[in-house]
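*Asks:* Listed here are the chains, written in short residue letters.
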Amino acid sequence: MTVAIDRPSRVQVENGSSSPNGSGRYAIEAEKMHVYYGEFCAVRDVDMKVPTNKITAIIGPSGCGKSTVLRCFNRMNDLISSARIEGVVLFQGQNIYDEDVDPVEVRRRIGMVFQKPNPFPKTIYENVAWGTRINGFRGDMDEMVERALRSAALWEEVKDKLQQNALGLSGGQQQRLCIARAIAVEPEIILMDEPASALDPIATLRIEDLMKEISEKYTIIVVTHNMQQAARISDYTAFFSVDDRRTGNLIEFDDTEKIFTNPSQKRTEDYITGRFG
Amino acid sequence: MALNQQETAGQDAGGMMPSGPAYHERVVARQRRGRAWAVIFQAAMLAGIIALCALLLNILNQSFGYIAIVNNIDPAELAVDGVPLDRLPKDNLVEILEANVSAGLMRRYEHDMPFAERSRENVHELILERVVEPQVQATWGLFDSLFVRGSVFAEAEERYPGSDVYFRSWLTTSFISKSQSSEPLRAGVRTAIFGSLWVVAITVLFSFPIGVGAAIYLEEYAHKERVLNRLIQTNINNLAGVPSIIYGMLGLAIFVRILEVFTSGAFLGVGDQSTANGRTIISAGLTLGLLILPLIIINGQEAIRAVPSSLRQAGFGLGATHWQVIWHHVLPSAMPGILTGTILAVSRAIGETAPLVVVGASTFIALDPSGPFSKFTVLPIQIYQWTSRPQDEFRNLAAAAILVLLILLLSLNASAVLLRNHFDRGQASA
Amino acid sequence: MDLRRKPRVGESIIQGFLFLCGAISVLTTLGIVYILGRESVLFFASEEVNLLKFFGGTEWQPAIGRFGIWPLVTATLMASLIAMTVALPIGLCVAIYLSEYAPDRTRSILKPVLEILAGIPTVVYGYFALTFMTPLLRGILGRDVVEIYNTASAGIVIGILVIPLVSSMSEDALRAVPGTLRQASYGLGATRLETAVRIVLPAALSGVAAAFIVAISRAIGETMIVAIAAGAGPNFTFSPFRAAETMTGHIVRISGGDLSYDSIDYNSIFAIGLLLFLLTLSLNVLSQWIVRRFREEYE
Ligand SMILES: Nc1ncnc2c1ncn2[C@@H]1O[C@H](COP(=O)(O)OP(=O)(O)O)[C@@H](O)[C@H]1O
Ligand SMILES: [Mg+2]
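Protein chains in written order, with the working numbering: chain A, 8 to 284; chain B, 200 to 629; chain C, 71 to 369.
Any given hint might turn out to be false.
[As the list claims (entries may be wrong)] Okay, derived cross-link-like pairs now, SDA-like style, lysine to any residue, Cα gap no bigger than 25 Å in a straight line:
1) A:K129 / B:P507
2) B:K423 / A:D109
3) C:K181 / B:L259
4) A:K123 / B:Q512
5) C:K181 / B:R234
[Claimed, not checked] Short derived list, chain C residues pointing at chain A, Cβ under 7 Å:
6) L73
7) R74
8) R252
Simulated from the structure, these hints should not be mistaken for laboratory data.
Built from N, CA and C at the ideal position, the CB exists for glycine as well.
Use the sequences and the hints to build the structure in full.
*Replies:* Given below as structure tokens:
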């Protein structure tokens, strides 16, 4: 098992191309994806190809299914008993909803950071180490923890109190710890659901910087309700909206620059300019 | 008086609402009624508190107080050279014993344990038991003993002439360290305490893992829509309401009778061969285990449900399996709640009497239980038996045993509180 | 890249084990039903008894082959009735006081008192009934009126025992009534009493009813208090001051003696047990049904 940080090759693959086209360069591809909660169709007909090693932002009005879509990408919806998914979600050419696919394996490869920081009520060290340990990591744990914490730009702040309870950290630190924790298990993709919405502006800025930094090595898909944030940090932006039955659907998915300056859809423009939602 | 005008206007508009002084009177009356009922509600609360106080004071009252005793031989007569019996050295005591009991009995004592090896206290006891032979004539409660001492003595003088009257605490260290005896002055609860501890140990070993396991299954794995799982849940809720005596009958039929080979220890060749039957500690423990299982499950479910789902998501998000998430995150977080609930359930088990009577607690054993296949008695059974005896002195014994039981339960509950605090602090700082 | 499911034997074994843990509770119920049912069938199969004699007879004398359940049932009902006369008003008043009147601080002090009351073993209550309540009753009403063993003092003490049950379940129901309802009532000029009794209580009525029913079931199943204080020996009487044996008291007394298996005595206590089980179970189910109805109304 190589450590994610030692894998710069994939950055070059993406360099030079800025449009979400071409094959083999998609981290995840959703095809004709519908999501239901019981009878209620929360999201319909999503076709979305997320490019590798880029930051993709998902924006849209509240309740349009952003979190739902994100959770579909690593089968976190399995935990909601009423949730049901139709369609195909390809990860490295494989449908993660195939019968014989193990959701546990999927989630190891596609990590997640949640809206509210949710460190385990354990030590800082243990928070980072746990995920790798259960996944069978056999290397030097101390070194691995340090590397993950450094990647999450948290090392300097916590190196003297690794054995303290993670709940003692500030909200921003907790969220970076959650990112470190996610990085530690060497995923290919990191899903982030409004990772900064519970944080103050300074902590938010640090998270954004961090996301940009680690996007060299990971594909990041981030849900945000903050359009400035999407514009600041993302390479691509997907805009979701709801129809009159409150079912969400993907309206437009393109370069962030294009979405924010010259969207092809009227509804995107309305939303961006604040005329709607 | 804008208000008055409005009111009048309101009435004029066609309403029948009283106004002015009439309305005021009504309000006063309503308020008066309100205050009266407030007093009644508080009185009800007070009645509950009074009941609790009466219960506790009644037990204290019966645990201490004067007793009137008639001795077969006055201890004063046994004094040697003016040294009272209490302070005589061992050699003198042995002589006294020899002088007052038959040679046969002396030989038996010598055979049981040579006098050379016996302690002074032991010989002293033998003298009290065989020579002095005190008999309780009457006992008085603590409050009589404290507040109407004069009449206690007068009554003793009149009705039990020649008796010694002295103040006795029925709850003493020797009451706790001595085993069952038919002589109230020498009876103790040692056997019953050991019995209770053994039974409860079995109960916990059985019901804790199974109860927590069931709680985990129902909260973490079971699909709530499935009929089978709903059946299990409904069933547990209903089991919690089944009278405890029914569990006793279940235990009698299953553990004592059907599984007798196992519960008597016969399959291992251990256990009390002479009386080998299923009325053993293990049957009692398993019966109480079934009894508190629903409590542990329901409480465990609540504790597990209280674990924030963000913790589970964090675990799953890292690629943990379901069991890894449960074992490493859900259970540690739920543990304080689970343990507190378990201790409460165990308190319930320690106080249970009826099912154990049915399962077949022994009415009289003086030997400490030696293992799960021993015959048993437990504290509540001992209390029940002493309470059922008509003589006052056994009521006093029962009261003292109740004190022991209540102290045991109180310390258990205190430990639950401490445990909880410890865990809470651990969460914050560790 | 291999995302395929790996066999996780450990996980499956654990899940299977956990399911078994849950299933044990079902087995317990099946065990109860089977045991009680089997012995009862044996009981009714013997020639001395039949259903008619069992439910029609007013004499329970196993020694002479009389197995009429009524003396045991009337004693049970009498003790429960007396218990409810004590527990329902007091429990409900306590609940109203705690939920609608008591300041939070007072409430946090008083609730543990009720919890202590609820945590005391029933054998201690039995002792209390015999050594305190009975002398008290005899002192008030006269020694010739009240026998040493009587259903009244057992019933009163059962009532005290279930007060915490009634009050805590009722209080939960009262507190579940939305605060907006109270505000609306005060807004119309109602007093605190009127709000509590005319608005909150009716809104919580099904929860309170459920509490009452559970309390009745608990009183019927209560054993040690009656075994100690109500008397030994079935007695077909309607006087609460006479000795009479309840169903539970009878089971305890018979099984406490030297009971030989497969005798009609042995079988008979299971028949009584079955009746007791069905009685309490239906009360509990009824109470749960009421609670469920209540929830539906409020959502
Ligand atoms: N666990 C759930 N059960 C049922 N409906 C849900 C659940 N989670 C979300 N929904 C519904 O799905 C829709 C999309 O929700 P969500 O994905 O959380 O939106 P967003 O993150 O864009 O605000 C909403 O209408 C919401 O009510
Ligand atoms: Mg969301």
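*Asks:* A separate judgement is required for each hint: does it hold in the structure or not?
*Replies:* For each hint, the structure was consulted:
no.: 1; hint: A:K129 / B:P507; result: 15 Å, holds
no.: 2; hint: B:K423 / A:D109; result: 23 Å, holds
no.: 3; hint: C:K181 / B:L259; result: 24 Å, holds
no.: 4; hint: A:K123 / B:Q512; result: 11 Å, holds
no.: 5; hint: C:K181 / B:R234; result: 23 Å, holds
no.: 6; hint: L73; result: 5 Å, holds
no.: 7; hint: R74; result: 5 Å, holds
no.: 8; hint: R252; result: 33 Å, violated
Comparing the model with each earlier hint shows a violation of hint 8 alone; every other hint is respected.
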